[in-house]
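K.L.:
The listed protein sequences correspond, in order, to chains A and B. Letter 70 of the first sequence, counting from 1, is numbered 1348 in this note's numbering, and no numbers are missing. Letter 151 of the second sequence, counting from 1, is numbered 155 in this note's numbering, and no numbers are missing.
Do not rely on the hints blindly, as some may be mistaken.
Claimed, not checked - Chain B is faced by these chain A residues, among others (derived, beta-carbon under 7 Å):
id : residue
1  : R1367
2  : G1372
3  : Y1407
4  : T1412
5  : G1413
6  : K1479
7  : V1481
Claimed, not checked - Here are the computed lysine to any residue pairs in the SDA-like style, where the Cα-Cα straight-line distance is at most 20 Å:
id : chain 1 : residue 1 : chain 2 : residue 2
8  : B       : K88       : A       : N1349
9  : B       : K97       : A       : E1325
10 : A       : K1289     : A       : E1325
Claimed, not checked - To give an idea of the chain B side of the interface with chain A (calculated C-beta under 8 Å), a few residues:
id : residue
11 : K19
12 : I21
13 : K102
14 : V126
These are computed hints drawn from the structure, not numbers from a lab. Note that beta-carbon positions come from the ideal geometry of N, C-alpha and C, so glycine has one too.
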Amino acid sequence: MNLSLKIWRQKNANSEGKFQQYDVQGISEDMSFLEMFDVLNERLINEGDTPVAFDHDCREGICGMCSMYINGQPHGPGKNVTTCQLHMRSFKDGDTITVEPWRAKAFPIVKDLAVNRSAFDRIISAGGYVSVNTGNAQDANSLPIAKDNADDAFMAAACIGCGACVAACVNSSAMLFTSAKISQLALLPQGQAERAMRAEKMVAQMDTEGFGACSVTGACEAECPKGISLENIARMNREYYGAVLSSK
Amino acid sequence: MSWVTKTLSSSLGRKLIMAVTGISLILFLLVHCGINSMIFFNDGGETFNAAAEFMSGNWLIRTAEVGLMAGFIIHIADGLMLWKSNAEKRPVKYAIVKGEANSSWASRSMGILGSLLLIFLVIHLRHFWITSRFTDEITGGHTTLFAEMIETFANPIAVIIYVIGCISLAYHLSHGFQSSFQTMGWNHPKYTPFVKSVGLSFSILIPLIFAAMPISMYFGWIA
Ligand code: HEM
Ligand code: SF4
Ligand code: FES
């Protein structure tokens, strides 16, 4: 396949960025989107140009590092895929593909397509932990957990912290991410000790970082590579209202 | 800051205010639509005028009107502030946004739809509320509300403004109704589909009935 790429190039957080056009030839349909970028970068290096900076790590859809906003959608077209799992067969020969970084006040650009997502780490540190000493692996049935709760907690825990929810949201809201992190602990016995304080602190940190409020557009849920549900945001709202009403 | 102000000024709290005031406005719409529908008896406005008379004479309703006013003002002020602060969370915009791939147009346009409603509201209050509450009280209340409606809706421009207002309301509610339940934390696989279908029916039916009023008066079907 031959493609035309319009890629956002920006030296660092403080410089002005702009789109640059690159034509790539001989791309296989079986390549992932990142492999196509590898081909381009190799060529740029050979030509003495600076390669395009982008985040990636596992390249198997589990680490949450890859983050490209492709043709107006985070992680490009297709449901439940990360950029590293997006294959070139999703595009047609001759296509022009526009690639931008996640754009949000809370995710400053580091370089080109790489953004700083440490705001997410600070939301987690604010309360996304358990202080209970869980000890060694226990006898399987010593701590009964309802199947529904186990399933919901597991589904929330699938969040890989990629930030596509923020990138997709008109308000750059981090509610889907934060609610998944609150839910996975609120639903399990080990998470009860800090339950109320967790909701209050994580929501406060989320606001401090400069993420927007929720307009319930559902764009986050639709674009999330892990299918995290809006039910988590409703749960976070309940956790938060309950926490502020009852905390001392 | 007290815990109350802190909570209500958080992103979740400000949205909770939108939901609570939004639901109150929906309840008001239900009453407003019910009373106004009495013009469809087509009895020269007799039933409608009697109902309007009762509403303006009843102290309980007049007290509720103060609450309604507050609800509108809070919903509008909070809505405009949220709209602005949310927009500021993305200082550099995307070149391409494929919004239709992941969300409804109405859900992404609540601020614009709300602003259209605000413009409509000002015109609407000028047409009826100010006339009936103030002008009439000064002049001794000779015109009836029904007569005012007939007079207003003889003007095609007024009819068009009202129809646009109703369309904005339909879109605002098509998202707002179900969204407010989610905001209040009510999302459940058993009830949410029901809330969504009630919301959609409400957001089509109520604006349709409202829009039928100026249209039928303009064409003289109700006189
Ligand atoms: C009869 C009139 C109105 C009704 C019944 C109504 C109802 C609602 C409801 C139910 C919501 C959803 C709240 C939620 O998602 O939790 C909402 C949201 C909203 N309303 Fe209204 N509204 C009305 C008029 C207005 C006006 C005049 C404005 C003027 C600016 C406005 C601005 C907004 C905005 C900006 C939102 C979205 C908030 C967000 O999701 O970020 N509304 N409205
Ligand atoms: S909720 Fe989904 S989109 Fe958001 S950070 Fe987690 S995995 Fe990524
Ligand atoms: S590189 Fe790890 S999820 Fe894409």
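K.L.:
Evaluate each hint against the coordinates.
P.N.:
Evaluated hints:
no.	hint	in the structure
1	R1367	violated (18 Å)
2	G1372	violated (18 Å)
3	Y1407	violated (21 Å)
4	T1412	violated (29 Å)
5	G1413	violated (34 Å)
6	K1479	violated (12 Å)
7	V1481	holds (6 Å)
8	B:K88 / A:N1349	violated (26 Å)
9	B:K97 / A:E1325	violated (31 Å)
10	A:K1289 / A:E1325	holds (18 Å)
11	K19	holds (5 Å)
12	I21	violated (11 Å)
13	K102	holds (3 Å)
14	V126	violated (24 Å)
The structure is inconsistent with the numbered hints 1, 2, 3, 4, 5, 6, 8, 9, 12 and 14, although it conforms to all the rest.
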